[in-house]
Each structure stands twice: as structure tokens, then as C-alpha cells.
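Q: What follows is each chain in one-letter form.
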Amino acid sequence: MIRHSLMLLLLAPAAVGAQAAFDRGKVPAMPPAPKLVLPAVATSRLANGIALQVVTQREVPLVQVSLAVAGGSRLDGAEPGLASFTARMLTESAGGKDVNALQNELAFLGATLNASASWDGFYVSLNVPKRSLGAALDLMADVVQRPAFSSADVRRQKSLRAAGILQRRDQPNALATLAYNSLLFPAGHPYHNPVDGDSASTARLDSASLRRFYERTFTPTRAKFMVAGDISAAEATQLLGARFGSWAAAGTPLPIAPVSAQPVANNTVKVFLVDKPGAAQSVISIGGPGVPRSSPDYAALVVMNTLLGESFSSRLNSNLRETKGYTYGIGSRFGWSPVPGAFRIASGVRTDVTDSSLVEIFKELRLIQSAPVDATELARAKAYVALGIPGNFETNGQIVAQLVELDTFGLPLSSVSQFITRVNAVTATDVQRVAKKYLPTDRATVVVVGDLSKIRAGIDALKLGTSTVLDVTSIAK
Amino acid sequence: MLAALVCLPVLAQAQQAAPLRVPYTLDSLPNGLTLIVHEDHSVPIVTTNVWFHVGSGDEKRGRTGFAHLFEHLMFMGSEHAAYPQFDRLLEAAGANNNGSTTEDRTNYYEAGPASSLRLMLWLEADRMGWLLPTMDAPKVDLQRDVVKNERRQSYENQPYGMVGDIAPPLMYPAGHPYSWTVIGSMADLSAASVDDVKDFFRRYYAPNNATIVVAGDVNTDSVRAIVREYFSEIPRGPAIERPTPAPFTVRDTAVTLEDRVQLARLYLNWHTVKATHADAPALQLAAYVLAGARTSRLTQALVYDAEIATGVQAYNDGKRLDGDFSVVATARPGLGLDTLQRVIDRNLQRLASDGPTARELEQARNVIEAVFLRSIQTVSGKADQLNEYYYQSGNPDGFQEDLDRLRSVTIADIQRVVRTYLQAPRVMISVVPQGKQTLAATKQQVTP
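Those protein sequences? They're chains H and E, same order as listed.
Under numbering that gives the first Met the number 0, think of the first position of the first sequence as 0, with each following residue one higher.
Under numbering that gives the first Met the number 0, think of the first position of the second sequence as 0, with each following residue one higher.
The shape of chain H in the complex, shown without the other chains (with noise of 0.2 angstroms):
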């Protein structure tokens, strides 16, 4: 039987009492913004001192429970892409079960779990709804601290990986990002190298070395648990503590040590061309070395960032997509991790304006620095900053997102409310400021991946700089 409440009403468009009358000439009248209310984290620790945060909410019976162990492809040294590789073979064989049978029971259980490497850690996410949630813990816990990596699984795993990276040959977004990063940290940053590997690291994968890593990165002295959904604290203490609570460590763990390397600082532009026959669009690159997140200037490049290519009303996008027709969309981003990535703009342009659109980009960098922005502008970025928070703590996933992203930092949920303050006290004299000291405009490295029979004479003629060809197999190894 369906209970739901439907009820169908005729409307009649005659008003009725002493309102006043509707002037659609008028932005309405809005009531303040609700104030932000962020969720309530409750904090504990498992017997051998794994750090547990829950958040419980319980409308939709769903619960995810996300482990992060800091490390990461940092940690690759020689071999880029070890990280990454060893936490894909996690979800392979693992607790004495063969792949198929675990995969098969997780699927039954109508879970998804997924273990992978970015540049600071490791992470082990599991979705599931709360009904089968013992259970699919049960199989978390032996991808963490029994994987098996056989040599049958690393076998199947390095062949696929190896296509994949073939495959990055074709992909003009995939080729622009792999250039920019080898361009701008030097061999010896762990940036240098794509956190997949290249074929000749790939090939070398095998399943020792894989276990010897493991052991000494995988270790529950870096280990944290975050955990949201329909689950109590204490509920999701006892079911870990009774899978994780003895989880020892297995070797010495790789010291994270501090990375020394410096990315590379131009004193003058330079531009990397690399030809991709035929495209019909040129996908660009621009940008320079990234800032640290714990800057005090962090809440003003936030702001400064979303004016010049974080929003649709943004600078680039104003120009390059609104008013010129150049792209369908374009950004710019800082990267935020703990060692700093790169602040790079972004952009697919057609072939024939890819000049113009380099010069309307070099443009807006001047601009944002030469020219305080005005009121009505600097008040929209800090609002859409700041009133855009809470959409960010919906989903079970968002709000797992949040925890571990501030963890990274070594910062509480509570942190939010003070970068909310910090935005709304940034004036157009900070914007100015930060995006003269840190836009890198008249240094910047610039790739552009394209159709160099019909783009590099334009290139050339704007003399921006110094112009290198790269090739291909070079970038995508």
C-alpha cells in the first residue's frame, strides 16, 4: 500500500488580505542567512590508540566509515607510484579470501569499499547501509591488516595499470597535468611524478616489495578513524575496537620526512608546447608554486582565488567563456596540501583563439593585481565562501570529506567557524595584496597541449616568454 501525503490543490491567483503588493522590479527581500551550525563530532580512542570522530545522523539508514593513515605517494621515493599501487591491492585477496569471493560478499552486502594514495595519506572508505555494517567491517578489517598481494593479483593489477598509463598518450587534460607538474617541482619533489607511476616503475611493481612497503607504511600509529552516518559513538567504538582494536604494527614505519626540494622559480615566463595533431582545442596550463595552507593570507587568497577563477562570475570566466565565447568553462585553483601543490588556471579553448585567449588571461592576472576590486564584487565572493559551508555537510561523504581534509592541517571541525570570520573581515586592500605577492604573472610556467601546425606561430608572435616543444612520450612515460 503507498502512504504518502498528496494533496492537490487549486490555487487561485486573486491575493487576498493587505499585503503589499508584489513588485517583481525588486530583488526580494531575503532573511538573514541561518547561522552556520556545524555537526557535533564526538571523539574517542580504540584500546591500542587509534583516534576515532563520529558524527551521527540518522535520516537515511547509510553509514561511512573512512580510514586515514597519514603517508602517502610521499612516501614513493624511488618508485613513483607505490603508494598508490599498494593501497589498489588491498581490495584485492585479502583474510584468506581470493578476490572474487571478497568482492562478491561485499557486493552482496550492498557495500563499496576503496582503498587508494593521495600525495599525504592513505585512505580506506567503506559505504554500507547500517543493516549489513558488522559484517562489512568485518571484510575493512581484513583489507587493512591482512591483504594478501599474490602474486596472481599484482600480476592482472600492473597489466591494467599499464594500460591505463598508455592510454594518459591520448588525453589532452591528462598530458597537460603531467607536463605542468614535472615542469614546476624537480626531479626529487615528490610533485615530480604522477601518483599513478610511469610503465617503468609500474613494471617493476611486485609482490614483495609491495608487502615490505605495506608493513612500513600501514601502521596504526598513523592511523585515524572518521565516521558518519546512522551510528552512535559508542556504537561505532565497540564494532571497530573489536576489528582494529589489536591492529599492531608490522615493521618500522618510513619516516614522513620533510621535503627539502623547492618547486622551480622562474624569473621570466616561460611556455612548453606540446603537439597534439589535429585537436580541435588547446588545452592550456598557467600558473606558479602554490602557498601553504597555514599562510595567514590563506582566508584571502580563498577570496582573491574565487574572484579570479573559483565561480562562475569569476574574472577569467567573465572574460574567457561570457564575453569572448573562447571556452566552455574555466578556473583557477591553489593546491592546499600539507607540502604546498601548485596554484595553476585551467582552461580548454578553441584551436584558432588560443592565442588571444593567452593574452586575455595574462590580462586578468595584471588586473586583479593593478586594481583594487570594488564593493559589490568582494562582497559576493566572501558570501558565496562564506554561505556555501553548510552545503558541504549533507552527505555522510561530505561530512568524512571535512574531517579527514582538516585533519591533514592538524585542525578541528571548530576551525570552520574561524575561517568564516576570517573571510568576512578580508578587504579589496588584502585581495590586492595577496594576489600581487603570490600571482605569479610575470614568471609563470605555461603549457599548452594542441594542434601545433596551427597554434605555434601565434604562440611565438606574443613573445611571452621562452618556448620549449616537449614530446610526448617524454611527458606520458
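Just so you know, the hints here were simulated from the structure itself, not pulled from any lab data.
Careful: at least some of the hints might be erroneous.
To be verified - Pair ranges (Cβ atoms, derived):
(1) E:168 / H:370: 49 to 59 angstroms
(2) E:22 / H:20: 25 to 35 angstroms
(3) E:409 / H:198: 44 to 54 angstroms
(4) E:433 / H:261: 40 to 50 angstroms
(5) H:378 / E:220: 28 to 38 angstroms
(6) E:134 / H:33: 34 to 44 angstroms
(7) H:203 / E:357: 42 to 52 angstroms
(8) H:414 / E:353: 36 to 46 angstroms
(9) H:373 / E:131: 27 to 37 angstroms
Unchecked claim - Here are the simulated DMTMM-like cross-link-like pairs (lysine to aspartate or glutamate), alpha carbons at most 20 angstroms apart as the crow flies:
(10) H:323 / E:135
(11) E:138 / H:195
(12) H:25 / E:78
(13) H:323 / E:144
Fair warning: this is a prediction, and the values are worked out from it, not measured in the lab.
Beta carbons: idealized from backbone N, C-alpha and C, even for Gly.
Once you have looked at the hints, place chain E on chain H.
A: For chain E alone, kept in the frame of chain H given last:
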């Protein structure tokens, strides 16, 4: 119908899951506008989601891509909210917005703090009723360029991208509403004029062809009052006549595309049924049994047993008038596509003759239930789905019914739909690296 599949936990013997319910109220204004309101006070946000019941399937030949181009123009300002105020006002209120076009409908949505509700509804009313006074040729020219870039980004500049362009005219006969892409051809986009835009607006962008869903931290009576106040003045538009296309049988076809790709890829496409057809749920489950998980039939056979593919997907696309089913498999380096074709056909025949096991079917059902749970986590997700169910059946809260239909599919149903729909005839597209025509698949005799 929900297209994505998600995992659901197994039901304990004695337990029964509480039925999925998304409570709502439904109102109709005299001008034909339908309003659906769903309250959800868990987070202080609100979403407004408007569906116009028009899509690329309503276009005429020579003007393909028009519904989508028109969607872009809806953001170009209206009489009381001149361009570029639409995006700027919403950002200043902390809200996001976007839209999308399919063959059957065009949707527009905003999501933001609960305080931004009146702004959202004011903007939607203004472009529903007052778009044309500010529409001019420069705006059409600009968005034409933006859409052409969107096309380049998705088709011309993507490996395998042009398959999306050649498949519709192979799958559907000339003149059929689904025989062209939603994005349209470059030539037709170039031909669109301001007068075309105005005609299209008058015909399709009327309140009697629209449904609004408001979902989130709202008060239903307040929402009704605001919508009445803002939208009642907009006059009803003409009744829309939509001829039903004639039935057809797809022609068995094999084509080859050379592209700048490292790996050859095989696309197999069959003509199936519309989203509301009785066989649609079984086809959706068949897609999962074939390639939805690591241990699915084709994934195991192609990627892990024979190791001749790097990946395989299967998908049933049930649209409003009709549907199609595709299997897409990417070959390992240097391998030809006939090998993949043979293994796929062998597995389809096995699925037809033996069916899935009871365990496989139960697993598929559990996965689907979990997908449903995940789909109701966000007000935006619920709002769009309420609109979709309403358009399909007149019942916005179709979640439990949809789930029940999927759960009632039997082993015999899956066998039957594989036999009926996934044999011959079919459209086969081989994408091969340049100069490697020999890797293309050749037409096989497919024995039912």
C-alpha cells in the same frame, strides 16, 4: 527510473526494511504550472528544481542542438533580472546553480542557504515569463560559441569522443526524435537564429509545460504562497502535440572509426524499450549482472579470465519514448575486437540459456537498494528524482514503487530480455588506432 546502481546491505531473515518514502505536497496553478514541495529540515539549505518538458527529442532536423542551446540562453538575463545578475545574485546569497538538457527534458536548479528561497523563485519566474524582452542576436551568438566549445570538449577533443556523434543516427531511423545528439551538429548550431529562439520559447517554455520542485528547509504553505505570487501572472502556453514515432527495427550495422587512441574499443548497441516499459527493470538488472561489479559475467570473462580487455561497461538507457542498451569493451594493447565480440556473444548466450544464479540476482537487488538509499541523501538528488518520477507517471514519490519493480524481476525475466533484445540485430562500432582497420570487429552470425 534511477540509472545508477548502488549496493544495498543484505536483509536479515526476520527484518524487513522500512519502505522508502519521500513525502511531498502537489499543487496545480490555473496556468498549468505544477508545484511539488518536499520538506527536509536536516540541513538549513533549500533547492529549487524546475523541469521543462522539452528536450532534444522535440527538435526539428536542421535545428539539432537547439533545446540545449536554449538552455544556455535561459541564463542570459530576463526583463527584471538583466544579465549578468542571475549568477551574481545567487552567488551573493551563497547559492549554486546549473541546468542540463536530455532528449526528453531540460532542468534548471539552484541550491543554497534556506534564506535564498525567494531569490531563487523570483529568478525562475522571471525567466519563465520575461525572457524574450532582453533576448537578442549577440546573446545567441555568444552562447552558440560556448556550446560549440562544449561540443569540442566532449566530442572532437576526447579520445573515442566521436562515437557519441555517430551512434544516434545508426540506432534510430531518420526523423526519429532520438536520431541526433543532444549537443547538435556544428552546422545546425550555426544556423540557429533569434527568431528560432523566440518561437521555441513561446511554444515550450510555458507554465503548463513545467514542474517546479522545492525541497529542503522550507515551510510548505510559505512556498505555495510565494509561487502563487510570483508565477500566477505568467499566461498558459499552447497545448503541445507530440506525435508518437512509428515502431521500427534497428538495422544490423558494423562501422569502424579510426581515432588517435592507443587501445581499440568495441561498442555494441541494441534497440530496447522506453523507461516505463515492463521490461525496463529486467534490462537494468541484466546490465548489472553483465558488467556492474568485479565478479560480473563480462568483467570476469574479458578482464580477468581471458585478460583481453582493460574494462567493460553495460548500460540500459530507457528514455521517455524508447531506449537502447550498450556494452562497451576496451581491448588490451594490440588486440583486435573480434576476440572481444566472440566472448561477449558467448556470455550473452549463456545468460539467455541459463540465466543468472539466485545468488547473483539477490546480489543485484541488494546493490540496487543501496543505490536508492544513497540517492535520497541530498535535497538536490531528491528534488530531481521527484521531478523525474512525476514526469514519468504522475507520482513524484515513485521511489518504493521503482525499487519494488526492480526487486520483482526474476531469473526467467532476465533470460527473456537477453533473448528478446540483446541478440541480433545490433549496431556495432569499432574504434581503432589510426591505420589499424584490421583490429575492427566484423559482423558475426549471432545465433539466438
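Q: Look at each hint and say if it fits the structure.
A: These are the hints, each one checked on the structure:
The hinted window of 49 to 59 angstroms between residue 168 (chain E) and residue 370 (chain H) holds, with their beta carbons roughly 51 angstroms apart. Residue 22 (chain E) and residue 20 (chain H) have their C-beta atoms about 33 angstroms apart, which keeps the hinted 25 to 35 angstroms range intact. Evaluation of the 44 to 54 angstroms hint for residue 409 (chain E) and residue 198 (chain H) yields a pass: the beta carbon distance comes to about 47 angstroms. At roughly 42 angstroms, the beta-carbon separation of residue 433 (chain E) and residue 261 (chain H) lies within the given 40 to 50 angstroms, and the hint holds.
Taking 28 to 38 angstroms as the suggested C-beta distance range, the pair residue 378 (chain H) and residue 220 (chain E) conforms, at roughly 32 angstroms. A beta carbon spacing of about 36 angstroms between residue 134 (chain E) and residue 33 (chain H) agrees with the range 34 to 44 angstroms that was offered as a hint. Taken as a hint, the range 42 to 52 angstroms holds for the pair residue 203 (chain H) and residue 357 (chain E), whose Cβ atoms sit roughly 44 angstroms apart. Distance hint check: the CB atoms of residue 414 (chain H) and residue 353 (chain E) are about 58 angstroms apart, inconsistent with the given range 36 to 46 angstroms.
Checked against the given bound of 27 to 37 angstroms, the beta carbons of residue 373 (chain H) and residue 131 (chain E), roughly 31 angstroms apart, stay inside it. With a C-alpha separation of about 16 angstroms, the suggested pairing of residue 323 (chain H) with residue 135 (chain E) holds against the 20 angstroms cut-off. Among the hinted pairs, residue 138 (chain E) with residue 195 (chain H) is inconsistent with the structure: their alpha-carbon atoms are about 43 angstroms apart, more than 20 angstroms. With a C-alpha separation of about 11 angstroms, the suggested pairing of residue 25 (chain H) with residue 78 (chain E) holds against the 20 angstroms cut-off.
Only pairs whose Cα atoms come within 20 angstroms are accepted, and residue 323 (chain H) paired with residue 144 (chain E) is accepted, the gap being roughly 9 angstroms.
In summary, the structure is inconsistent with hints 8 and 11 from the numbered list given earlier, while agreeing with the others.
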